[in-house]
Amino acid sequence: MLPHIASSIFIIITMILRTSVFAQEYTEYTTCNNTLLNCGEKFRNLSYPFWGEGRPVYCGHPDFELKCSGDAPEITIDSIDYRVIEIIWDERKLTVVRDDYWDNLCPDDRQNATWNTSLFRYGVGSQNLTLYYGCPSSLLTEMISAKQFSCPGDRTGVTNVYATDSMRSAVADIPSCGEGVVLRILDSAANKLETPNLTTDDVSGAIDLGFGIEWNANNSYCEECLRSEGVCGTDNTTRQFKCYCKDRAYNARCGSDTFSATSSGSKEQTPKVVGLSIAGACILGIFIGGFAYYFIQRRKRQGAVTKSKDISATPSSKSLINSSTNFSRSTPTDSYSFSKSDIEKGSTYFGTQVFSYTELEEATDNFDPSKELGEGGFGTVYYGKLGDGREVAVKRLYENNFKRVEQFMNEVEILTRLEHKNLVKLYGCTSRRSRELLLVYEFIPNGTVADHLHGKQSTSSVMSWPVRLSVAIETADALAYLHRSDIIHRDVKTNNILLDNEFRVKVADFGLSRLFPTDVTHVSTAPQGTPGYVDPEYYQCYQLTDKSDVYSFGVVLAELISSLQAVDTNRHRHDINLASMAITRIQNHAVNELIDPSLGFDKDFTVRKMTTAVAELAFRCLQQDKDMRPSMDEVVAALKAIKNEAFVIQRAEVVDIRSDDIGLLKNLPPPLSPDSVGNDKYGSNSTTPNSY
0 MLPHIASSIF
10 IIITMILRTS
20 VFAQEYTEYT
30 TCNNTLLNCG
40 EKFRNLSYPF
50 WGEGRPVYCG
60 HPDFELKCSG
70 DAPEITIDSI
80 DYRVIEIIWD
90 ERKLTVVRDD
100 YWDNLCPDDR
110 QNATWNTSLF
120 RYGVGSQNLT
130 LYYGCPSSLL
140 TEMISAKQFS
150 CPGDRTGVTN
160 VYATDSMRSA
170 VADIPSCGEG
180 VVLRILDSAA
190 NKLETPNLTT
200 DDVSGAIDLG
210 FGIEWNANNS
220 YCEECLRSEG
230 VCGTDNTTRQ
240 FKCYCKDRAY
250 NARCGSDTFS
260 ATSSGSKEQT
270 PKVVGLSIAG
280 ACILGIFIGG
290 FAYYFIQRRK
300 RQGAVTKSKD
310 ISATPSSKSL
320 INSSTNFSRS
330 TPTDSYSFSK
340 SDIEKGSTYF
350 GTQVFSYTEL
360 EEATDNFDPS
370 KELGEGGFGT
380 VYYGKLGDGR
390 EVAVKRLYEN
400 NFKRVEQFMN
410 EVEILTRLEH
420 KNLVKLYGCT
430 SRRSRELLLV
440 YEFIPNGTVA
450 DHLHGKQSTS
460 SVMSWPVRLS
470 VAIETADALA
480 YLHRSDIIHR
490 DVKTNNILLD
500 NEFRVKVADF
510 GLSRLFPTDV
520 THVSTAPQGT
530 PGYVDPEYYQ
540 CYQLTDKSDV
550 YSFGVVLAEL
560 ISSLQAVDTN
570 RHRHDINLAS
580 MAITRIQNHA
590 VNELIDPSLG
600 FDKDFTVRKM
610 TTAVAELAFR
620 CLQQDKDMRP
630 SMDEVVAALK
640 AIKNEAFVIQ
650 RAEVVDIRSD
660 DIGLLKNLPP
670 PLSPDSVGND
680 KYGSNSTTPN
690 SY
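The opening residue of the sequence shown carries number 0 in numbering that gives the first Met the number 0; numbering runs sequentially from there.
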């Protein structure tokens, strides 16, 4: 018996050592899979071909280093630094602008850029803009003179001229004008530059919008690697593409070609492998010796017992029962697993109905693309009709991996413990062991607030000011209820605020929500959410609090009064982020520049006063310091006070709007206390459950 046991031990230890050797020898897969690049709020979790800021070069392409600087990362292309404005993964496209010409038409070192065409090419929709320096103003025609700009230190009688592609030849005909510096801008920006009476700021603004470039960093190899569940990278020595896999590095895809001995990990880890082998041999010897001693002693004891008088007896029925009982209690159970029979019998999961995959497949006509209601960060939502006639929205999660299962269970657990008239109702879900992870919600027919403000339904005039204020109150009331239930939504945005046919609010999408312990002030977690809505202090300190939702709701308020998107790269660079734009306008007493003109701000004194008050509330919610923000209960009280105040405003005389704007924020009566706010059709702060 002993030799067999020793042999088994030897095999087990050998397998453990072999696994350890491979795990230590090929660390690139783990490193590149877990170490992603983050630059500020907008650029998160960047993978191949990008590297830098703690992400090793072998995890990216050597020519795609990103340096985090200020509010945007920088990339160097053929010795020229470019600011990255946007990354579009599906199209492998960057929107960039030259860093030396960012907000500056007259850099000291003026040079033309060159391109490595094997890596980059211009995207469609852009053209050249040429800046000619040192042109004699006396030789410029009237048309060209209108396109001139000045630089500090220019000599008398000398000026500079910009020219788009359509007028470039006219400037080039002037002998004294050099070729100048060629930049790239969008076609739309070039068209605007051809209009008269432009300023230097207009030219600089056109450049600052950037232009698109498409990249090719071994794209086809990387696609093949990703399909085989590998991680794309580059060999440090040969600078050739490598597909890092769990077991080793391959040339293109996992398991398809010969292992490359030039992989950086294999060279660096050889001493560790030798050390592990020696240590393994020592451990093996100790184990074999220890087990041999143990079994020798055991055989001696057994021999002694055999020589003693026979005291063996048949176990009693009582002992058998106890043994059986103990065995059944020690068998592990999984409270979240369901058998096929469980599903067919209509079992429950966290107290909600469990649907079969087949039932939901039939309800959505086999997930017909024409029935898609929308697409989010975690899955696609389809319209469906159950066998009992109920209309439903079925969320189909993208991937059935551990992370998706965690989000799936999180959303189910949270929604089944909540009941509020302004929260979307969860009807049920599939088992987590189902073919796919599916969540079944009540169907909300009227789209999202984002659709009505600046989306496919924004042409309608139904989003009047009273409707928008109702949306704000009901959303705030739902979030306040969540916070009183120790839940942080963590993804508050207008795309997650659904509307029924009566424009009543249903807050949705709890995949990122977090149960919040009652005995702590915050929880530490990696920032998640949607750019433009995420609390900047959350990004800075990795500390999630209920005030993170308050910040996001402040952005929603800004959207409701402005009808603008939270992030829009087509706006001026200082106004791309709506939160920053709102704060700037309010601080500069220019609320009228923020409010959607269609709301009647310039004509209706009541609307003007109420929208200005909501702007002030948004300003408080958007404070950088979370302690300066109100709680959601305070936000609800303030919004209801603004609504109630509208009924007592006397429209006695026409007021000069432009002269009155500055005083509105200062002279607005303070919000009523929660106790003084009367009950109305918008609901109260009560936690009494409401029916849907």
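Some hints here could point you the wrong way.
[To be verified] With a cut-off of at most 30 Å between alpha-carbon atoms, the simulated DSBU-like pairs for lysine-lysine come out as follows:
id	residue 1	residue 2
1	Lys245	Lys191
2	Lys424	Lys384
3	Lys245	Lys370
[As the list claims (entries may be wrong)] With beta-carbon atoms standing in for the labels, derived distance ranges:
id	residue 1	residue 2	range
4	Ser457	Asp624	19 to 27 Å
5	Thr583	Asn196	19 to 27 Å
6	Asp153	Pro195	18 to 26 Å
7	Ser457	His571	36 to 44 Å
8	Gly133	Ser457	47 to 55 Å
9	His573	Val157	25 to 33 Å
Hints were generated in silico from the structure; no laboratory data involved.
All C-beta atoms in this analysis are idealised placements derived from N, C-alpha and C, irrespective of residue type, glycine included.
Each hint tested on the structure:
The straight-line distance between the Cα atoms of Lys245 and Lys191 is roughly 53 Å, outside the 30 Å bound, and the hint therefore fails. Between Lys424 and Lys384 the CA atoms are separated by roughly 16 Å; this keeps the pair inside 30 Å, and the hint holds. Our distance criterion of 30 Å between C-alpha atoms is broken by Lys245 and Lys370, whose separation comes to about 39 Å. In this structure the hint that Ser457 and Asp624 lie 19 to 27 Å apart at CB is violated, the actual value being about 34 Å.
With their beta carbons about 26 Å apart, Thr583 and Asn196 fall inside the hinted range of 19 to 27 Å. Hint check: Asp153 to Pro195, Cβ distance near 22 Å, so the stated range 18 to 26 Å holds. Hint check: Ser457 to His571, Cβ distance near 21 Å, so the stated range 36 to 44 Å is violated. Look at Gly133 against Ser457: about 48 Å separates their beta carbons, and that is inside 47 to 55 Å.
The beta-carbon spacing between His573 and Val157, approximately 32 Å, falls within the hinted interval of 25 to 33 Å.
In this structure, the earlier hints numbered 1, 3, 4, 7 are contradicted, and the remaining ones agree with it.
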